[in-house]
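As given, the protein sequences belong to chains A and B, one line each in that order. Residue numbering for the first sequence follows the UniProt record's numbering, starting at 1 and increasing by one per position. Residue numbering for the second sequence follows the UniProt record's numbering, starting at 1 and increasing by one per position.
Derived from the structure by calculation, the hints contain no laboratory data. Only a predicted model underlies this, so the values are computations on that prediction, with no experimental measurement involved. Keep in mind that a hint or two might mislead.
Which stretches of chain B does chain A cover? Using the computed rule of at least three CB atoms under 8 Å from a CB of chain A, they are [claimed, not checked]: (1) 25–34; (2) 63–70; (3) 77–85; (4) 110–117; (5) 185–196; (6) 275–287.
Idealized CB from N, CA, C, for every residue including glycine.
Number of protein chains: 2
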Amino acid sequence: MDILDRDGNGLTEREFLERYRAGDYERPSVAVDMVIFTVTEAEENNYRKLPEKELRVLLIQRGAHPFLGKWALPGGFVRSNETTEQAAARELYEETGVDNVYLEQLYTFSDVGRDPRTWVMSCSYMSLINSGQVQLKAGDDAVGAAWFKVSYRLLRERKELIEGGYVKALQYELKLSSNYGELTAVVERTVTATETSTATSYTIVSNDGLAFDHAKIIAYAIERLRGKVNYTDIALHLMPKLFTLTELQQVYEVILDKELLKAAFRRKVADLVTETDHYTENAGHRPSRLYRRRLEEL
Amino acid sequence: MDILDRDGNGLTEREFLERYRAGDYERPSVAVDMVIFTVTEAEENNYRKLPEKELRVLLIQRGAHPFLGKWALPGGFVRSNETTEQAAARELYEETGVDNVYLEQLYTFSDVGRDPRTWVMSCSYMSLINSGQVQLKAGDDAVGAAWFKVSYRLLRERKELIEGGYVKALQYELKLSSNYGELTAVVERTVTATETSTATSYTIVSNDGLAFDHAKIIAYAIERLRGKVNYTDIALHLMPKLFTLTELQQVYEVILDKELLKAAFRRKVADLVTETDHYTENAGHRPSRLYRRRLEEL
DNA sequence: TTAATAGTGTCTCTAAGACAATATGCT
DNA sequence: AGCATATTGTCTTAGAGACACTATTAA
């Protein structure tokens, strides 16, 4: 054993680790919170028209303090024998029964006092599943779970010059609606730019019905989703195995909350999908070719 | 007080919180690890030529077990009265003396066993500073700190079809060099795509001289930096107050590790900068106009 | 004068925006 | 026949790539 392998106390690494006892300084609890998105279809009275798509997120009504009766993201504490990613997959499976779906870490929220009980950080994840995969088993629990329709819109924009920079504040209205009612929150994204720095922070301006800082987490997830939709095939994880290009376009539109041009859209997604020989039937109008997600790489 | 505000034990939220005691299940330590980038100039023997830029990252040589003598990212544990962001800013200040710089959360790493002592998660941050802001005070500590030149290159690419999808593995060579020697690691990014999911994971293939999983964190940071350089003004945080467009282009090139076309580059960054009336002097060739980061919004 | 960089002009190529035209199953 | 959607064509516009040309200093 080389002398260089010994520390100031003359211990080797093995000896050091054998003697190591975790200090008794305070440690946080770490939870994962899941923003689980899916897309469903609204009922359509005209059988010849296509149903509208709706972006939905899964929430759970709290049956205990704190935030008793409020709606929260599904989640739970991370265990010492698993990664946050594994914890997220586990929670997702427990909550929805789905497995092998798109899962992405978003951000770790750690505001002091974000949980009134104790020191809890939240490592948030976003998951995209197609509604065919999951039974919408709302209400089979004493404490209910429900898919809330998502709307996220810019409410107002404020720009202020400060010495050596500016502050730009964007307020977004987050509206979540389901049979259980409507939840509304206003989340502000503030960008502070100075000579040498640029910092972005989120704050909850108002909040009616959502637990903890979950309005912030959902807002963050929607922005990540909107961003990635434009340069990845992420939205395809929201589709069933076979789908039409119009359906795919509707999903893009409901995520981005804006209308897209048909021709340009088709060109753009052309190499994200593979065409099949199947067509829609009995739709009351011209049949449409069905596509699936392209898995062979370019 | 409404009866509805009481939980299964008949407690209000206030009563619940007063009685609440944190459970004694295990909690992780949470550290922040900082990937601090700057750009320096290599010495140039020909006084008429422009010096080459180098991307550098700050590392600290460990003076204690575990990984005694290895190089690690600066960092430290998060305290219960601060956010991870505040902890990152605090560590950054302690390590470099700089303040009010660009700081961005990257990813929370939580692999089981990533720290041999105990359960430690790492919430990683990236910071960009210009080398003028900081004294390169390497060696003023018993345990040294040093700025390592960064090279990160694709080494090999493997693509494999599996049932219902594919696996794509990209191996990158991370080379860090300074007066203290050269550290080399190979990090693999694996993308596994199936019918319903796409998952990306990082693994360390080989590692010579870096502590913990820090090779992974640095690789992740470089990829984030490379990605953001193309669609934000993030690179401007690496520049001094006044700079030439050629210098800015050199910084882009050293980050992206590829040459850019001058005319196209200037068009692209035109609205990220503001021109000044100052010029370089005594450069041995035609003077160049100096620019600064544009702070007025478009 | 010349080395070396600064700065601009312009042609091409590709992708996106805009909109129109044509195609087709179903009732 | 005609509704409603499917699918393709093409003109325009914006931006990136490629490359060449001109400008300017200090030694």
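Hints versus structure:
1. 25–34: Result for this restraint: holds, n = 6.
2. 63–70: This one holds; 7 residues, not fewer than the three required, reach chain A with a Cβ under 8 Å.
3. 77–85: That given contact holds, which follows from 9 residues of the segment 77–85 of chain B lying within Cβ reach (below 8 Å) of chain A.
4. 110–117: holds (count 5)
5. 185–196: holds (count 4)
6. 275–287: violated (count 0)
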